[in-house]
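4 protein chains.
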Amino acid sequence: MMHPVKQIEIKVGMTAKELVQEMAASGVMGAGRIAKAAKIAEAMAQDKECKVFLGLAGGMVPGGMKQIVLDMLKSGFADVLVSTGANLTHDLIEALGYHHFQGHHQVNDAELNKQGMDRIYDSFMPNGVYEKMEDFFTAHFEELRNIENISQFLWKLGELLDKEDSILTVCYRKHIPLFCPAISDSGIGLMLWGKLAQGKEVKTKAFEDLKDMMELSWTAKKTGVIYLGGGVPKNYIQQAMQFSKGAMYGIQITMDRPEPGGSSGAELREGISWGKMQEQGQFVDVICDTTIALPLIWAAVKDKVSE
Amino acid sequence: MMHPVKQIEIKVGMTAKELVQEMAASGVMGAGRIAKAAKIAEAMAQDKECKVFLGLAGGMVPGGMKQIVLDMLKSGFADVLVSTGANLTHDLIEALGYHHFQGHHQVNDAELNKQGMDRIYDSFMPNGVYEKMEDFFTAHFEELRNIENISQFLWKLGELLDKEDSILTVCYRKHIPLFCPAISDSGIGLMLWGKLAQGKEVKTKAFEDLKDMMELSWTAKKTGVIYLGGGVPKNYIQQAMQFSKGAMYGIQITMDRPEPGGSSGAELREGISWGKMQEQGQFVDVICDTTIALPLIWAAVKDKVSE
Amino acid sequence: MMHPVKQIEIKVGMTAKELVQEMAASGVMGAGRIAKAAKIAEAMAQDKECKVFLGLAGGMVPGGMKQIVLDMLKSGFADVLVSTGANLTHDLIEALGYHHFQGHHQVNDAELNKQGMDRIYDSFMPNGVYEKMEDFFTAHFEELRNIENISQFLWKLGELLDKEDSILTVCYRKHIPLFCPAISDSGIGLMLWGKLAQGKEVKTKAFEDLKDMMELSWTAKKTGVIYLGGGVPKNYIQQAMQFSKGAMYGIQITMDRPEPGGSSGAELREGISWGKMQEQGQFVDVICDTTIALPLIWAAVKDKVSE
Amino acid sequence: MMHPVKQIEIKVGMTAKELVQEMAASGVMGAGRIAKAAKIAEAMAQDKECKVFLGLAGGMVPGGMKQIVLDMLKSGFADVLVSTGANLTHDLIEALGYHHFQGHHQVNDAELNKQGMDRIYDSFMPNGVYEKMEDFFTAHFEELRNIENISQFLWKLGELLDKEDSILTVCYRKHIPLFCPAISDSGIGLMLWGKLAQGKEVKTKAFEDLKDMMELSWTAKKTGVIYLGGGVPKNYIQQAMQFSKGAMYGIQITMDRPEPGGSSGAELREGISWGKMQEQGQFVDVICDTTIALPLIWAAVKDKVSE
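Chains as they are written, first to last, in our numbering: chain F, 1 to 307; chain E, 1 to 307; chain Z, 1 to 307; chain A, 1 to 307.
You may find that some hints are simply not true.
Identical chains blur together in the list; that is why a pair holds if it fits in one copy or across any two.
Using 16 Å as the maximum straight-line C-alpha spacing, the simulated EDC-like pairs for lysine to aspartate or glutamate come out as follows [as the list claims (entries may be wrong)]:
#: 1; residue 1: Lys203; residue 2: Glu148
#: 2; residue 1: Lys222; residue 2: Glu18
#: 3; residue 1: Lys195; residue 2: Glu215
To be clear, the hints were calculated from the coordinates, so they are not data collected in a lab.
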């Protein structure tokens with residue numbers, strides 16, 4: 001029994017959720033995938049046996065996605081977070097009182113450099129943040145240097161920052177496991193390097209978190225994965241899935257192509273061969289800029305997520 | 001004076017328009033572009049001196065975008081339409097009573113072929129439509145064969161189909177200039193070939209429409225362009241812009257890349273060098289699947305468009 | 001029996017053909033596809049029953065691909081050519097003695113406009129070409145205006161230009177069928193519009209060429225297709241394939257994505273559902289900038305193509 | 001003084017280097033960028049004051065690029081290597097005697113899973129490699145567990161493997177600094193997890209390598225960067241550049257788009273705003289599958305690289 005493609009109808013005043021319902025009735029191409037992602041996200045939210053692993057890559061904080069990530073964490077929708085170091089650094093920067101700014105990508109970068117502005121496509125960040133970060137890490141170095149797990153280290157940052165609208169703080173307060181395997185590859189890493197360069201020791205270990213990460217996957221009755229971008233966060237969750245039963249639900253939002261063979265652009269179904277995804281699972285690859293797709297998907301499911 | 005990137009906030013029950021306003025407040029990356037496109041569309045709609053040229057390429061009818069295009073035409077938002085032959089063929093097919101169906105892209109195409117299903121990515125069309133089309137063209141051939149302009153030919157199709165929800169009919173009824181330079185490259189073209197192959201003559205001329213098209217551009221006080229996909233529709237409008245004052249407003253939605261040098265992926269600003277765009281114009285390239293971006297943009301501006 | 005991925009080895013002084021042989025031995029990802037395309041091109045060249053249809057879209061002449069296209073035509077490798085109007089216009093411009101220039105994409109387009117330079121990504125064309133084109137069309141208008149087929153019209157252009165290194169001339173001299181359904185969407189179209197605007201008549205018909213095009217497909221024992229970019233050229237050849245036995249060989253080079261559902265990005269296997277491709281055919285989608293992939297592929301097969 | 005775009009000419013028997021020279025004479029679009037990359041690579045090779053940092057991401061070993069990377073290391077062309085964990089794991093797997101296999105991307109992944117084959121796009125890896133890896137890590141665990149730097153840990157792996165054609169071994173033997181910040185996100189990481197899960201300790205630290213990495217950048221007279229893919233390797237090198245004088249030379253090969261704002265797709269010029277790149281530096285973004293672009297570039301410069 002096949003369903004006809006309903007032509008999407010826009011009504012004045014319609015809610016974002018109704019818009020996604022129209023996309024579901026259309027059911028094809030990008031719109032169909034947005035709708036499918038919303039449906040899968042709702043299924044994850046309502047399946048009480050499902051542990052949701054959220055991977056965060058690309059310029060999500062400079063790109064305006066922080067509040068939605070906070071929603072996912074605060075509401076209990078996401079159970080585990082894996083992030084790039086950059087997104088946590090940008091979160092920390094905002095927690096320290098800085099903003100990112102609306103810029104443009106057609107600019108003279110040398111001119112920007114003179115103005116002390118760092119460019120993240122069309123989002124600008126004042127280079128002065130590094131000084132403030134340094135102050136913060138200097139003030140708290142003793143509390144941080146002896147932590148052996150990266151995840152504990154990040155929770156401690158969240159505790160110290162103590163800001164309602166910080167990803168780091170929310171993970172700490174709600175005891176949401178937060179991983180960042182490549183933490184040294186970030187502004188946070190640079191701050192620690194500053195201390196190492198002064199001959200100080202930092203005890204954080206590289207492999208330690210694997211125990212917790214793998215156990216979270218291993219002990220879950222069911223797992224769901226959400227990848228905002230690819231990179232290490234996706235791959236780190238994928239490898240944890242391989243040693244559980246494989247994910248039952250999956251949503252990936254990316255603009256990367258699969259053909260060149262990298263993990264970031266790989267279709268979710270590829271994971272079935274590895275045992276990272278279940279053959280009978282519900283998956284969708286949304287080929288879209290995350291800053292467009294994610295707000296739309298979240299607007300369609302937020303009411304189904306218990307606060 | 002720089003604006004901070006506001007983190008996008010999703011509220012339960014928010015309208016699609018409010019969602020785009022959040023994207024405007026964020027102001028960066030894909031979300032920022034969606035919001036900018038909405039702003040420019042609104043400016044076009046409210047600038048009474050502006051003639052809007054709409055280019056339609058890619059699988060817009062099989063992809064569920066027909067109703068939004070009809071909105072744009074019926075409301076007076078779009079003043080001129082340029083389309084691929086394929087979209088007009090799919091419009092005709094739906095006007096003849098057929099549907100497209102929700103399929104999948106991971107299929108056995110040989111199996112589909114045996115089932116008589118033609119695939120347009122994940123939208124399926126029964127091959128049987130060709131017979132019905134043939135009946136239609138046979139019944140009306142005498143009314144069509146002597147029309148010298150492609151645009152008049154298309155209006156005649158619209159008149160004959162006489163369906164409220166057909167792009168062809170709406171253009172005919174509202175006397176909206178409708179161009180399709182590559183009409184022979186389409187199912188409609190194939191139907192005419194059937195007659196030519198029987199030794200009959202079809203008088204439609206290849207260059208004739210240029211007079212009307214160029215005059216529409218030439219006589220406009222201001223022009224705006226909207227490109228859903230690239231191809232001939234974009235290029236044909238662009239070349240008309242070159243011989244007017246250049247477009248004052250521009251929105252392009254595409255996933256094509258600019259680097260390989262084709263017209264479809266070219267950034268709108270490139271048109272400034274040619275005189276196709278005005279230097280002071282308002283333009284935006286939305287890098288997104290049209291079936292995602294267009295519904296969102298239209299939901300944000302439909303209330304500002306006079307019916 | 002599976003073949004191991006051989007790590008590609010570069011030897012000083014190796015030929016481009018040997019490089020593609022290394023890619024064949026690797027056999028995966030982009031390199032594997034380049035090698036497969038070369039293998040299929042060789043099979044097409046050596047299958048004497050195969051008629052090869054070449055589709056030409058994107059900035060191929062401004063992008064430096066003209067000589068390879070000429071090779072394909074002069075050597076008898078390509079039997080039928082379908083082009084965008086733009087590529088034929090750029091060919092005509094070069095035949096009139098102009099060049100394209102090496103520019104840059106990071107430029108001030110308004111500045112370029114003042115300098116009279118039209119930009120095609122990073123290839124620049126002096127705007128002055130339009131005057132010279134106008135002189136040419138004024139001088140030859142009487143010879144052109146009464147030609148009823150676009151293909152005959154284009155051969156006549158080739159005859160009049162009479163230049164060894166012109167695609168138009170080579171098609172004329174070698175009687176290679178040359179189609180351009182959207183000819184009015186091009187600089188050539190603009191020239192004709194100039195005459196129409198003066199009240200003159202141009203008799204070229206829109207559908208007429210379909211007879212020849214479809215017969216070329218219909219009467220071929222076997223067919224092969226090569227798509228450099230998508231657009232009308234690809235689609236026009238595809239629709240001809242649908243009414244023959246379907247293509248036996250296929251190579252497509254494109255950077256467009258399949259997911260948004262347009263014809264340009266559609267994978268060749270999709271054509272099997274329509275009957276445009278044979279299930280047992282040999283096909284490959286090369287996801288690459290044509291200006292990189294085509295020279296490499298052609299370097300690997302040129303010695304197998306009879307001059 | 002502008003240079004005309006020379007139409008690329010293919011000669012039977014031409015070398016790959018001559019092909020790239022033709023691309024240089026064309027000078028535009030993808031071909032122009034390949035040629036520019038070759039020119040910059042040659043400049044890096046011949047500038048004795050330049051330290052070259054190579055970033056390795058995506059499926060480079062399963063994709064057949066290992067031998068070229070080995071060339072770059074053995075010849076002294078690359079002075080520092082930063083890799084994803086995956087590429088080092090695949091290198092280790094090949095050093096243990098396994099191969100990757102030429103597969104296909106249009107497959108039944110559940111079927112593959114039953115056959116014990118893991119898919120990396122169209123490159124297949126037998127799942128049995130994990131057992132052999134486990135044996136290796138069990139045999140050598142005592143030699144590995146107490147190493148505090150990831151880079152020393154990786155050199156030790158190279159020493160233990162002791163294979164001429166292993167990236168790990170070559171880095172060890174030639175004392176080429178080798179970094180992998182996200183080592184825990186890889187098959188190698190999984191092996192260590194196996195030991196941690198047994199209650200054993202692994203002393204490798206997360207931040208320790210930053211000292212060496214930053215000093216390598218800091219002490220260089222000039223720096224050059226080559227990014228095969230993006231991810232952590234690119235970003236880790238970029239952040240080191242920020243705290244030196246900025247890179248003087250840069251080549252990036254990627255298919256990722258810049259618009260969504262992630263680091264992997266970011267144009268190199270963006271780095272100028274951060275001070276990661278020098279304004280007067282020579283940079284190029286090659287928008288291409290690495291498995292196509294890299295062999296071509298390397299074939300053009302290998303003779304200029306001292307063995």
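Hint-by-hint comparison with the structure:
Within a single copy, Lys203 and Glu148 get their C-alpha atoms as close as 5 Å, and across copies as close as 10 Å, so both meet the 16 Å cut-off. For a Cα distance limit of 16 Å, the shortest separation of Lys222 from Glu18 qualifies neither inside one copy, at 29 Å, nor across copies, at 35 Å. Taking identical chains as interchangeable, the C-alpha atoms of Lys195 and Glu215 lie at most 16 Å apart only when they sit on different chains, with a minimum of 14 Å there against 32 Å within one chain.
The structure fails to meet hint 2 from the earlier list, while all remaining hints are met.
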